[in-house]
Amino acid sequence: VLTTGELLTSQVRDFLENNFKTKVADIYACNEAGDIAWQCKEHLNYHINADNCVVEILQDDCPTGPGATGEVTITNLNRFSMPIIRYKNGDLARLSRQVCPCGCQLPVIGEIIGRTGEDIWLSDGTAVPWNVLKGAMNDNRIRKFQIVQNQQGDVVVKYLPEKQTDIKEIEELLRFRLHPLLEKSVDLSFEKVAEIAPAQSGKSKLVISHYRPNG
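Under my numbering, the first residue of the sequence shown carries the number 1, and numbering increases by one thereafter.
Heads up, a few of these hints could be off.
The calculated lysine to any residue pairs, modelled on SDA-like cross-linking and capped at a C-alpha distance of 20 Å, are [stated by the list, open to error]:
#1 Lys163 - Glu191
#2 Lys41 - Asp14
#3 Lys158 - Glu191
#4 Lys134 - Glu191
#5 Lys23 - Arg143
#6 Lys144 - Asn18
#7 Lys144 - Pro129
#8 Lys134 - Leu182
#9 Lys21 - Leu8
#10 Lys88 - Glu32
#11 Lys158 - Gln11
#12 Lys23 - Pro101
#13 Lys158 - Val148
#14 Lys205 - Gln151
#15 Lys144 - Phe20
#16 Lys205 - Gln146
Because the hints were derived from the structure by calculation, they are not lab data.
Using the sequences and the hints given, assemble the complete structure.
Put into structure tokens, the structure is as follows:
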């Protein structure tokens, strides 16, 4: 099974592999640059399509070291009609020095983390990053989730649970994980849903914030 188009979470990977009884390989791509990287049969890292593009992971416009999070920045090598040079596609990722057991010598992306701008904001201007929220929500009893922050700063966690999930137990666990990340004044609530609608782009946003500190 090959997946592409939006972030493949561990929950979705497990769901697909358990139901299709096979391994899942993810392809990382974007409309502007085409196929950027893909997983091999080892399903560990993402091999960069170095014949087609140069991928840099930048933080404040400077290259990051292996394991550090930064913005995915792409220079396309084969787009002559409209060249793309150091284009930031809005994704966050980490490079890796790990040598893949498959033997491929192409450079690798160790982890694709998510989108820039998908953060929860606190009243002092501090952002709770997407990847931190993702870690707090990581549980194999949750198939899908979306965290929504309203204009007042309060947070609603919409989630689609697996069948026979103890709702009270999972909500207590999520509250225990999320509360320390938020301010005491933030009202944190949960909403069990049957489906989570995608954004206008067709992709699902895992974090949506309508709140900005000081208005």
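Item to check | Restraint status (C-alpha distance of Lys23 to Pro101 at most 20 Å) | outcome: 17 Å, holds
Item to check | Agreement of Lys134 and Glu191 with the hint, judged by alpha carbon distance not exceeding 20 Å | outcome: 17 Å, holds
Next on the checklist: So if I understand the rule, the pair passes when the alpha-carbon distance is 20 Å or less; does Lys163 with Glu191 pass?
Outcome noted: 16 Å, holds
Checklist entry - Is the Cα-Cα distance between Lys144 and Asn18 20 Å or less? => result 16 Å, holds
Checklist entry - Between Lys158 and Val148, does the CA-CA distance stay at or below 20 Å? => result Holds - the C-alpha atoms of Val148 and Lys158 are around 8 Å apart, at most 20 Å.
Checklist entry - Under the criterion that the straight-line Cα-Cα distance not exceed 20 Å, is the pair Lys88, Glu32 satisfied? => result Holds, because 10 Å separates the two Cα atoms, which is no more than 20 Å.
Next on the checklist: Check whether the Cα positions of Lys158 and Gln11 lie no farther apart than 20 Å.
Outcome noted: Status holds; Cα separation ~15 Å.
Checklist entry - Do the alpha carbons of Lys158 and Glu191 lie within 20 Å of each other, as the hint requires? => result 5 Å, holds
Next on the checklist: Need the status of pair Lys41, Asp14: alpha-carbon distance at most 20 Å?
Outcome noted: Holds, at about 16 Å.
Checklist entry - Taken at face value, is the distance from the CA of Arg143 to the CA of Lys23 at most 20 Å? => result 18 Å, holds
Next on the checklist: Between the alpha carbons of Lys205 and Gln151, is the straight-line distance 20 Å or under?
Outcome noted: 17 Å, holds
Item to check | Lys21 paired with Leu8 [C-alpha distance capped at 20 Å] | outcome: Holds. Lys21 to Leu8 sits at ~17 Å (cutoff 20 Å).
Hint violations for this structure: none, all hints satisfied.
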